[in-house]
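*Asks:* Residues per chain are reported as follows:
Number of protein chains: 2
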Amino acid sequence: MIAFVNDLFVQADKAGLRLNDLSIQRGYAVFDFFRTKNYKPLFLEDYLDRFFASGELLRLKSPKSKAEVKDIIRELIRQNDLPEAGIKLMLTGGYSPDGYTPAEPNFIVTQHEIQLTSPEKFAAGIKVITYPHQRELPTVKSTDYLMGVWLQEKLRQEQAADVLYHNNGTVTEFPRSNLFVVTASGRVVTPSENILPGITRKKILELGNGSFDCVADTVTTDELKNAREVFMTSTTKRILPVVQVDDTIIWDGKPGAVTTKISQAFLDLEDNYIQQFTW
Amino acid sequence: MIAFVNDLFVQADKAGLRLNDLSIQRGYAVFDFFRTKNYKPLFLEDYLDRFFASGELLRLKSPKSKAEVKDIIRELIRQNDLPEAGIKLMLTGGYSPDGYTPAEPNFIVTQHEIQLTSPEKFAAGIKVITYPHQRELPTVKSTDYLMGVWLQEKLRQEQAADVLYHNNGTVTEFPRSNLFVVTASGRVVTPSENILPGITRKKILELGNGSFDCVADTVTTDELKNAREVFMTSTTKRILPVVQVDDTIIWDGKPGAVTTKISQAFLDLEDNYIQQFTW
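Chains as they are written, first to last, in the numbering used here: chain A, 4 to 282; chain B, 4 to 282.
Hints listed in this document are in silico derivations from the structure and should not be mistaken for laboratory results.
Careful: at least some of the hints might be erroneous.
Note that identical chains are pooled: a pair holds if it fits in a single copy or bridges any two copies.
[Said to hold, decoys possible] As a list, the in silico DSS-like pairs of lysine-lysine whose alpha-carbon atoms are at most 27 Å apart: (1) Lys-64 <-> Lys-17; (2) Lys-17 <-> Lys-67; (3) Lys-17 <-> Lys-91; (4) Lys-40 <-> Lys-228.
Start from the sequences, fold in the hints, and give me the full structure.
*Replies:* Next up, the structure:
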């Protein structure tokens, strides 16, 4: 697989960063991740906007403009010749002489094989557990996953697929996915604050404006456990039903009608975007 | 400068990690940092113990035993031929095929030039600001410095030398240093919980047992601002007086007698250790 590092297309498995990069020394870096379909990048503008916004919030200035990044992505897709893949953009704190002060950022683009949610996995749904945690600077897509990576052992022990963070009685997000809840009264709600604003989440909120009532608001732990349907959203998972939270089975323990309807609407939106996309 | 990476002594400025190391991808790594004096590593056993404890807490198993790490340090000091320097040990999440699951850790030792606190800087003391923050997994010396690095811009704006974290009315630690307060009643206190247990802090607590009353306990924001003396401790700073916290001048705005006495006792302890040290 080919990657792009600073100014060059290189073999990804031979590319690296020197030891004094601030991502290695202090976990200081931002990234973003989107999918390609039929060699086209899905919702590219949204991901690029978020990537540049994350960089600005951490004061990491991209050495490439949005237009230049777009050209690099196009060339990378051409060289790797994978029609469906994930593409990761990264901007690190740079080679810091003192290992603490940010320097000129390193800019990296890599391409990855991905596995989408299978129909079988969708039909089965997943079990998640909850854990008290609040990410720092939550609107920034930083590489700060200390808690998410550390909790993988607990997930194995509890045979859960993911962990949902909560904070003062409200739930927020998964380490790499957003949360949606269909309440007992039929309202579709996704947490509004202290989260990373996911692109799949954004698209569903936009879809909701047309065909179903969908809002960003507070979601309490109680609302979650009494919900009729729960699902998570992410770039690689798209929409994935959650059928158990800790020891609580959600409603009848099966993916619900609203989740299925939203999932179909999202797939249609994806197809539409890809058909109309031009470089 | 020579560094040690996994199994080899290499040129530090040419050494690096491949892009899929979990330190780069997810900020998942532990480290430790100690000083050498006259080619000897200060309080080596304490630092090695903490390094191995951090690794265990993040489930990163060092590929080298403590005895092997000690031999590598000795050889690195010999090759770089710097009598007084800093040495950094690091253990990362390793080359992760999926960029999220921990793999076999990468083990790194690097040596660095350091600047100790000068008598002039000690005499002047420093201004610090406070900021609400609690590090995750605080007893682990992880590379999670997102907040500390991000706050550097605020330090520049407020012309402060460092930031002290607080949490629910109690103060905890600086990003890279511990806090000590001499209260109005003459008690020497360092925060007991939600901190990284510093080695300099540990040595001062041990010194305190003999010659002055020194304890680990809760320190409230009020106690801090009404204190007679405040100082910070770290491996490179040793003991550094804090004479201003936000807009509050501490007592008469000068380093106090207790701080000076503890600083001298610590320097004596250092000399003693180095004189007696044998490999």
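*Asks:* Against this structure, judge whether each hint is valid.
*Replies:* Okay, the hints, checked on the actual structure:
1. Lys-64 <-> Lys-17: So Lys-64 and Lys-17 pass the 27 Å test inside a copy (25 Å) and across (25 Å) alike.
2. Lys-17 <-> Lys-67: both (23 Å within a copy, 25 Å between copies)
3. Lys-17 <-> Lys-91: Answer is both; intra-copy 17 Å and inter-copy 25 Å each pass.
4. Lys-40 <-> Lys-228: Classified as neither: same-chain Cα gap 35 Å, cross-chain 59 Å, threshold 27 Å.
When held up to the earlier numbered hints, the structure conflicts with hint 4 and nothing else.
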